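Please build the complex by placing chain B on the supplied structure of chain A, with the hints as guidance.
Chains as they are written, first to last, in this note's numbering: chain A, 7 to 512; chain B, 200 to 310.
Simulated from the structure, these hints should not be mistaken for lab results. Since we're looking at a predicted model, the values are computed, not measured. Heads up, a few of these hints could be off.
[Unchecked claim] Sample of chain B residues at the chain A side, in silico, Cβ under 8 Å: (1) Arg219; (2) Gly223; (3) Arg257.
[Stated by the list, open to error] To give an idea of the chain B side of the interface with chain A (calculated C-beta under 10 Å), a few residues: (4) Gly204; (5) Leu236; (6) Gly261.
By construction, the Cβ of each residue, glycine as well, lies at the ideal position given by its N, Cα and C atoms.
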Amino acid sequence: MIHPGGTSLLVQVAMPTAAQPVVIAVGLLYFAVIIGISVWAARRTRTANDFFVAGKGIGLVALTVASVSVSVSGFAFIGGPGLIYAVGLGAMYIVLPAAVTNVMGAWVLAKRMRLLAEARRLITIPDAIGARYKSRAAQGLSAVAILVGIVGYMATNALAMGVVINAIFGVGLSWGIWIGMGVTLAYSASGGILAGIYNDVFQGTLMAVASVLVFLFVLGFGGGLGGISHTILLHDPTFLGPWGRLTPLAALSFFFVFSMGSLGQPQAVHKYYMLRDPLQLKWYPLLKTLGLILVLLLYFSVGVGVKAFVLDGRLAPLASPDQATPTLLLNVTPIILAALVFSGVAAATMSAANSFMNIGAAIFTHDLPVALGRKVGNELKWGRIATVLIAVAAAVTAQRSGTMVAFLGIFGWGLFASTLVPALAVGLNWQGATRAGAIASIATGLIITLALETAAYWKVFTFPAGVTASAVAMVSSFLVFFVVSWLTRESAAKAIDPDIQLVMEI
Amino acid sequence: MLALGIPVALGAIMILGAVRANRGIGALKYPFALVILILVIGFGAALALPSTDGPLSRLWLGLPARAAIVIYGVGLLPILILPVAYAMTFEEMTLSAEDLERVRAIAREAR
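This is chain A alone, in the form it adopts within the complex:
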């Protein structure tokens, strides 16, 4: 929900170095815990099922915290507050959908994905698409779409890791990338998603604690939310208008893309397979929503707080909006709180990277071979090898120009949304959807997203204010999905296997 463009904003941050003894000590402690959890998880990972879906054995609380952790990238801690500082409350339309997206995902996808795991022992999202439409082509095409999105995400997260680790330890950007990716790779390749889940639990908890502490600190320092608002209203009332400096069209477009698009984010949807007891889904949306709200307190409070502190002269004007969080942490908050938040940002980027490494490895060792009618002999071994290759490729890509890497990250979120939401989220709930509709929709989302984002990047084409490539691609993908399904409707009902039909009707 909170990724798009987010990582791209994050990678443009030239974070000031915070390499002080307390920050370094907390950073080392953080990495020590990660390594400890990874060693424990590696000893419990024996099969491909363990590696890719944790043997469907994760409890409700662990799964919820892990899902919160992967839903929030470093953008929520750095780029997001900076965006609020720049455009005011309009930036909140990126996170406001959290009030409905988790429960919407539960109704639309969670039950059906988890029941598919019971019925067919599926382990990937393309598996679900392949089973729903009885189509290896649909499975393969969705795998390719996810892989293209992962390329961008992994590169942006690798670069973001480098930026944060350099800020904590002062080792330089290049070494920061290799250290961050090396640690993430070590636990991803050894313990698979099991290590990822329990590291996510630790990382999500760290992010929530850091966020709540910063929120309370900012309110105290600013004289409460009322005091902060009064300061801003005195100098810049537009900032606290309902759209901030955005147009209503732009703000509502954010809301649409980030709400509907949340149904296609593989790092969150994939988690539904892993819950030990499907009946525990009952409390999943409430717990996840509350967890997300805690993690997002920093996003809101730092954005408006720093704006007020700059306006009343307690902070110097920022060199760039992305400096909002680092400036607050290094000039105002106690250093221990700064240390926690810097480790929290590292946690956010590493948990997202781990999740994508795992999904990407499954595409290479499972989905693409299935789509080609082949089977990989030892999926666990090849899963680990694929994880290593993906991580190295991401780290090498991240060493390149930040602008190019940022571009790769921009379309990741929108690509997932436009290719997966109609075929997966609607398709698992509507028996009128057809194989041809799904394939055409995935292809449309893939082509339009790549074409529009590339044209926008090279400035060949500029969207009208408030219109995004993600929104256009998602609407187009939906239209193609419905039109082609309607045109081929005679093939709809007979193309669903009885067990899949039962899962769709329950």
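Then chain B, alone, in the frame of chain A:
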């Protein structure tokens, strides 16, 4: 149009997910209707209310009125309704132990 269309689209996809075979959505129609209404009113108020925010504006839980409507109304109020409705109707409308056993039975037969 978007202020009306987005809430309706979100409501429609939630209803699509909540419907079970031919049984409709039962009591869930009330929370769905309420949240769609909250979103439409929230976005509508943000568009329609005059821009009079200033240093003397009355604050609602620390925010000027239009911002409070968006943050607390659109961003927080649905949390008190939808996830609670989901949990309260879970066995009846989403998944029961019998449903789960039916899926496991068909899976056993297939193997």
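Do the hints match the structure? See the list:
1. The closest approach between the C-beta of B/Arg219 and any C-beta of chain A is roughly 6 Å, which is under the 8 Å cut-off, so the hint is satisfied.
2. Evaluation of the B/Gly223 hint against chain A yields a violated restraint, the C-beta minimum of about 13 Å exceeding 8 Å.
3. Interface restraint check for B/Arg257: the shortest CB-CB distance to chain A comes to about 10 Å, outside 8 Å, so the restraint is violated.
4. Checking B/Gly204 against chain A: minimum C-beta separation of about 8 Å stays under 10 Å; hint holds.
5. Interface hint status for B/Leu236: violated, as the beta-carbon distance to the closest one in chain A is roughly 13 Å, over 10 Å.
6. Hint status for B/Gly261: holds, given a least beta-carbon distance of 3 Å to chain A, under 10 Å.
Checked against the numbered hints given earlier, this structure breaks hints 2, 3, 5; the rest are met.
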